[in-house]
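Q: Sequence:
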Amino acid sequence: AIEGFVKLGLINPEPCPMLSATTAPVKWKELMCKLLGLQPSVKYDELQQAICKQLNENKKQLEAVEWLGLLGDEPVPTAHSIVEALAKHMEAKLSYASGERDMVVMRNEIGIRHPSGHLEDKYINLVVYGDDNGYSAMAKMVGYPTAIAAKLILEGEINSKGMIVPLTKDIYGPILKHIQAEGIAYTIQSVIRQ
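In UniProt numbering, the protein residues as written are 1 to 194.
Worth flagging that the hints you see were computed from the coordinates, not collected in a lab.
Mixed in with the good hints, there may be bad ones.
Heads up, simulated BS3-like pairs for lysine-lysine below, C-alpha to C-alpha not over 25 Å straight-line [what the hints assert, rightly or not]:
| id | residue 1 | residue 2 |
| --- | --- | --- |
| 1 | Lys43 | Lys53 |
| 2 | Lys59 | Lys43 |
| 3 | Lys60 | Lys122 |
| 4 | Lys151 | Lys122 |
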């Protein structure tokens, strides 16, 4: 969908005076017509066809644009730029309803050739759910490791200096241990192929 938004000019950070609080409200259909060089009075089918053409006939991208209501009469949120208005619109449209929560699914597949010559595939799987009325899974997956790493540096458990990435066991080992204490656990499965 994002690629389609780029093609339509919706990921534009430049100031857009027609979206300011001091101007008359603009409908999504009107904004889309302006971006495509069409008259606001254009029929829905013609607008849809013009957008489809701009999206190189990508039906999935067109469906996303339609589902978000970007061809309709809903007012565009007041904003400094088009991308800011789109972000506000998507935040309202895509926010979780009561009882809904997010989920992060991650699977790493690693192929190993051992010195003996046999092959092994390792599968590392992780599924994390957001909390009802709490942290989202994404917040946990980004925030916990960062906070834990900062704490370990402050407590002297990680001594590396400068810009470091957690690719050595002395760094990722303690972080993984502390993450598991927060309820984020992964499973490992090995398959010997030869």
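Q: Now look at each hint and say whether the structure bears it out.
A: Going down the list of hints, with the structure as the test:
1. Lys43 <-> Lys53: Holds - the C-alpha atoms of Lys53 and Lys43 are around 16 Å apart, at most 25 Å.
2. Lys59 <-> Lys43: Holds, at roughly 19 Å.
3. Lys60 <-> Lys122: Answer violated: Lys60 to Lys122 is near 34 Å, above 25 Å.
4. Lys151 <-> Lys122: 30 Å, violated
Hints 3, 4 from the earlier list are contradicted by this structure; the remaining hints agree with it.
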